[in-house]
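Turn these sequences into a full structure, and let the hints steer you where they fit.
These are the residues of each chain, in order.
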Amino acid sequence: MEIRTFEIEPFTKEPYRLLDEEGKPLFDFEPEDFGLSKEFLLRLYKDILLTREIDRMGWILVRQGKAYFYISIGGQETSHVASLYALEKDDLVMPFYRTVPSLHVRGAKVEEIFAQIMGRASDPLKGRQMPGHFGKKDLNIFVLGSPVGLGHPVAMGIAMGIKYKKENKVIISYGGEGSTSEGHFHSAMNFASVFGLPLIIFIVNNQYAISVPRVKQTASETIAIKAKAYGAEGYYIDGNDALITYLVTKKCVNEARLNKRPFLIEAETYRFDPHSSADDDKKYRSREELEMWKRKDGLLRLKKYLEYLGIWNEEKDEFLKREIEEKLNKIVEEVEKIPFPEPRDMFYEVYVKTPWYLEEEYLELKKEMEG
Amino acid sequence: MAKMTIGEALRNALDIKLYEDERVLVFGEDVGKKGGVFTITEGLQDKYGEERVFDTPLDEDGILGMAAGLALYGLRPVAEIQFIDFIWPGFDVLISDIAKERFRSGGQFSVPLVIRSPYGGGVKGGLYHSQSPEAIFAHIPGLKVIIPSNPYDAKGLLISAIEDEDPVIFLEPKKIYFAFKEEVPEEKYTVPIGKAKILKEGKDLTIISYGYIIHECKKAVEELEKEGISCELIDLRTIIPFDGETILNSVAKTGRVMIVVEAPRINSFASELSAFISERAIFYLDAPIVRVTGWDTPFPYILEHLYMPSQKRILRAAKKLLEGGF
Numbered sequence: 001m002e003i004r005t006f007e008i009e010p011f012t013k014e015p016y017r018l019l020d021e022e023g024k025p026l027f028d029f030e031p032e033d034f035g036l037s038k039e040f041l042l043r044l045y046k047d048i049l050l051t052r053e054i055d056r057m058g059w060i061l062v063r064q065g066k067a068y069f070y071i072s073i074g075g076q077e078t079s080h081v082a083s084l085y086a087l088e089k090d091d092l093v094m095p096f097y098r099t100v101p102s103l104h105v106r107g108a109k110v111e112e113i114f115a116q117i118m119g120r121a122s123d124p125l126k127g128r129q130m131p132g133h134f135g136k137k138d139l140n141i142f143v144l145g146s147p148v149g150l151g152h153p154v155a156m157g158i159a160m161g162i163k164y165k166k167e168n169k170v171i172i173s174y175g176g177e178g179s180t181s182e183g184h185f186h187s188a189m190n191f192a193s194v195f196g197l198p199l200i201i202f203i204v205n206n207q208y209a210i211s212v213p214r215v216k217q218t219a220s221e222t223i224a225i226k227a228k229a230y231g232a233e234g235y236y237i238d239g240n241d242a243l244i245t246y247l248v249t250k251k252c253v254n255e256a257r258l259n260k261r262p263f264l265i266e267a268e269t270y271r272f273d274p275h276s277s278a279d280d281d282k283k284y285r286s287r288e289e290l291e292m293w294k295r296k297d298g299l300l301r302l303k304k305y306l307e308y309l310g311i312w313n314e315e316k317d318e319f320l321k322r323e324i325e326e327k328l329n330k331i332v333e334e335v336e337k338i339p340f341p342e343p344r345d346m347f348y349e350v351y352v353k354t355p356w357y358l359e360e361e362y363l364e365l366k367k368e369m370e371g
Numbered sequence: 001m002a003k004m005t006i007g008e009a010l011r012n013a014l015d016i017k018l019y020e021d022e023r024v025l026v027f028g029e030d031v032g033k034k035g036g037v038f039t040i041t042e043g044l045q046d047k048y049g050e051e052r053v054f055d056t057p058l059d060e061d062g063i064l065g066m067a068a069g070l071a072l073y074g075l076r077p078v079a080e081i082q083f084i085d086f087i088w089p090g091f092d093v094l095i096s097d098i099a100k101e102r103f104r105s106g107g108q109f110s111v112p113l114v115i116r117s118p119y120g121g122g123v124k125g126g127l128y129h130s131q132s133p134e135a136i137f138a139h140i141p142g143l144k145v146i147i148p149s150n151p152y153d154a155k156g157l158l159i160s161a162i163e164d165e166d167p168v169i170f171l172e173p174k175k176i177y178f179a180f181k182e183e184v185p186e187e188k189y190t191v192p193i194g195k196a197k198i199l200k201e202g203k204d205l206t207i208i209s210y211g212y213i214i215h216e217c218k219k220a221v222e223e224l225e226k227e228g229i230s231c232e233l234i235d236l237r238t239i240i241p242f243d244g245e246t247i248l249n250s251v252a253k254t255g256r257v258m259i260v261v262e263a264p265r266i267n268s269f270a271s272e273l274s275a276f277i278s279e280r281a282i283f284y285l286d287a288p289i290v291r292v293t294g295w296d297t298p299f300p301y302i303l304e305h306l307y308m309p310s311q312k313r314i315l316r317a318a319k320k321l322l323e324g325g326f
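First to last, the sequence lines map onto chains A and D. Residue 1 is where the first sequence starts when you use the numbering used here, and the numbers rise one by one after that. Residue 1 is where the second sequence starts when you use the numbering used here, and the numbers rise one by one after that.
Take the hints with a grain of salt, since some may be wrong.
[To be verified] Pair ranges (Cβ atoms, derived):
id, chain 1, residue 1, chain 2, residue 2, range
1, D, 280, A, 326, 57 to 65 Å
2, A, 369, D, 123, 47 to 55 Å
3, D, 165, A, 284, 39 to 47 Å
4, A, 329, D, 296, 56 to 64 Å
5, A, 369, D, 286, 36 to 44 Å
Think of the hints as simulated: they come from the structure by calculation, not from any bench. We treat Cβ as the ideally placed atom computed from N, Cα and C, and that holds for glycine.
Structural data, given as structure tokens:
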């Protein structure tokens, strides 16, 4: 989508935003001024809402004992969905664990996302990783591991592959602000700048790395400013503003594609729920702080903006929510019927050809199971 | 047929793969103009250009991340780690990403890459340029580990490693990079991964080793032969997946086993081989299995000749074993 009027500078001290907390434009503009159609904004909203509902269902599954673990995205969906919208179909995604419920935007079936959460045989990962890990080769989504920041240097290597093959693609690598404390972040930014690679590192700054707050994570003024040390550009944005998130990411994606250079984006947002189903966030943050951020919710903000534009209302919203709920209930019901992976499956795909000792270990397990 | 050192054979293997497969990229610290500190990649940048043979920043995390990403994206990276002792900053990428990629993705993705690196002692490299950490890699499911001991195997195994669909750690015994020459075909050939080589057949004692130390074993075997003791010498070549069949057949024949490695003894790969033989062939054994290894200390500098298993130590251990002295 063409961006007609949009000039911003890197390394600002305040995050860029177009909408205030009430979803009102901060200055006089129409979405079309930025090349954004009303249909586009409606689609964006519906996908953010679906992401939130997938997240809600994830928590329910843990409470029902149908999943062993869940890792939340609630509160930060806007930054994930709006940035993913900025990519072209052939672009590549290195997710991190909170990105997963939003990956339907890239074509992941909601059924597959729940199969991964519930560890069923139809999970593209064959039930081998904890909920919150997902990837699908045919959708250009790579599979993440659990260690924080690990995706950044690997995404940098993929960006090198794009450059070597002389392709017109970019890769976006997601991470929390905690991932910028890891050496991996430094390695990825340094290599990507030195080699001139089409890499976007998108940092979802949700204020906490599990329980450690942003101020104890880094003394840096902003996360975005870290790009300066690598000779790259860093943009600081309000991740709860879908419009600015989309537009800035689009700008970086376009420039990375054209000029083969990396960008760093810091999207400021907040996670509403505990880090995971195994966490108690009351130990490290106040309810007042949580309520303050809930008022800044990106989903709510976009909803109000759509109402302001006169293209959405409460009635439509309730109807859509009910529709999504019914759809998700049905999907979960279907996924529950799918069996768990076979024991044999554990021994395959460690190597392309299973070595003799793994074949033997499988037979050992089989005998044990047969009693 | 040309005569080549291990170093030349490795360079020749890289040259062949760079020439025939545009997916092959060679990179690491100092591998470009300098050709690596051991000159293994010398001349390759001039021949294939900076796009395919290039220097990276000094950062093993970045080197391994780049290798992982390139392999995921359908290329065939051959990354050099200057000394295997320096790989640790990239270990998260190696253990958490490279080794697990195929399994964790349900077989969707693979990372066919090679990490080449000089390893082992004997060049007065001190405790940070001399380690033998093969057992650490061998403990990580998903990685293959190869250690050649001669020019012919070095070339054939490196070509196999680059063509392999799995990630391979290719450890090069630096003490013998340029120590001797052997006849090596100039054309392309491969040596199979996972297959040991019986360097000498014998009936009284099986000696299993790999890398540089195999040459100390050879000297010890010659001495023993003079005394009428017949040794079977096995060059393991591939640590993972190791050739259990060749080992067990040999043990059944000789009834005595000595395993010789440079690495510290505790949890060395000698320990794994010893356990493997104990579990499967204990009734063929006429004596306990003996491990001759480095000591369980960091690798020393000045006293390295006392640290590394020598012909003398191997010989003494063999005699003790044959006399039932252990």
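(message) A range of 56 to 64 Å was offered for this pair. Does it hold for the Cβ distance of residue 329(A) and residue 296(D)?
(response) 60 Å, holds
(message) Between the beta carbons of residue 280(D) and residue 326(A), is the distance compatible with 57 to 65 Å?
(response) 59 Å, holds
(message) Just to be sure I understand the hint, the distance between the Cβ atoms of residue 165(D) and residue 284(A) should be within 39 to 47 Å; is that true here?
(response) This hint holds: roughly 45 Å between Cβ atoms.
(message) Is 36 to 44 Å respected by the C-beta to C-beta distance linking residue 369(A) and residue 286(D)?
(response) 38 Å, holds
(request) Can you let me know if the beta-carbon spacing of residue 369(A) and residue 123(D) is within 47 to 55 Å? (result) Since the Cβ atoms of residue 369(A) and residue 123(D) sit about 51 Å apart, the hinted range of 47 to 55 Å holds.
Violated hints: none; the structure is consistent with every hint.
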